[in-house]
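Here are the chains, one letter per residue:
There are 2 protein chains.
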Amino acid sequence: MHYPAPISRLIDSFMKLPGIGPKTAARLAFHVLDMKEEDVMNFAKALVDVKRELTYCSVCGHITDTDTCYICQDKTRDRSIICVVEESKDVIAMEKMREYKGLYHVLQGAISPMEGIGPEDINIPSLLTRLKDEEVQELILATNPNIEGESTAMYISRLIKPIGIKTTRLAHGLPVGGDLEYADEVTLSKAISGRTEI
Amino acid sequence: MHYPAPISRLIDSFMKLPGIGPKTAARLAFHVLDMKEEDVMNFAKALVDVKRELTYCSVCGHITDTDTCYICQDKTRDRSIICVVEESKDVIAMEKMREYKGLYHVLQGAISPMEGIGPEDINIPSLLTRLKDEEVQELILATNPNIEGESTAMYISRLIKPIGIKTTRLAHGLPVGGDLEYADEVTLSKAISGRTEI
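Protein chains in written order, with the UniProt record's numbering: chain A, 1 to 198; chain B, 1 to 198.
Everything labelled a hint here was simulated from the structure, so no lab data went into it.
What you were told as hints is all true, and nothing was included just to trick you.
One copy or two, either will do: identical chains are not told apart, so a pair holds if it fits within one copy or between any two.
List of simulated lysine-lysine pairs, DSBU-like, C-alpha gap at most 35 Å:
#1 K23 x K89
#2 K23 x K45
#3 K89 x K132
#4 K23 x K101
#5 K75 x K23
#6 K23 x K190
#7 K16 x K45
#8 K101 x K36
Nothing here was measured: the structure is a model prediction, and the numbers come from that model.
When you get a sec, could you build the whole thing from the sequences and use the hints?
Right under this line is the structure:
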């Protein structure tokens, strides 16, 4: 036995987190030992609360601690436009921009035949129900620019086309502050074809 | 408000850990959201237990969940030799070696005039009491090979000399598996002066 049982259990728990190996886990566990009791109790409570109090918004699927999330509840937001994203984290990234004033729809995943995830396994059915009920004019498909994200966007846009709602996709191109030299060919080719007049 | 309150509290708690910034904290908090409820509850319990159940051994100062630690309780260990280390983590490093069979004394720090830590602020008085009561023949001063550790070792060895107990220090030299090319001058000079005949 190298560690006393309580610290060894805490190390095991830390190791279940992504990117934390045995050495970091031990360092964090020993740090907890030296932390103020109040901070540790708050940490433990925060863990339990996240698991117990947070659910997914019944309308858009974003994480929330109320029945419908604060974005869906917000009367000032433009209800004619919905931005479709893969994860709740993407909503937060969009919100940090402070420019987009429409609603969201969180798919909680992307279509991936390799992993056996079909259209029914992510929040696509609930999106279709929303489109029937609400007066939506535009759907921004902001899924990730990778194979799964692209095919999910393609699938949704084909599904929506007959309903007559405009579907758009986020622009591809060079990231601001990036370096032309380090851009990959596909990004550069998208940046060329999507060039704008100044 | 970017995050729902419970997740934002969890992010704050993660950020109190060493080496975890806002982005990693958010990633870990979202991971907790997707973890099994049982794992999260165990994590929270482990945090509380570490803080509530672990104390310092009344004899050697090593962390323990019983009154005296499992090393001090172990009757098979050699009680004539004490290895003095700075932290409980150092005891664990020594124990992983599986070669040392003596006892330990954890100082819980090192003398550091810069940080206002004097001999009375770390477990030096309790070490002296132990030396009077027990039949110790050798004291291995295994404090870290940096300024604070060296001066702490020097201070203790001068204090102990009149009592007539042998004091030793861990050998300096090249780390096993290391590269001569990358060794610093001081280490190399210690390795030369401490060379052994083969």
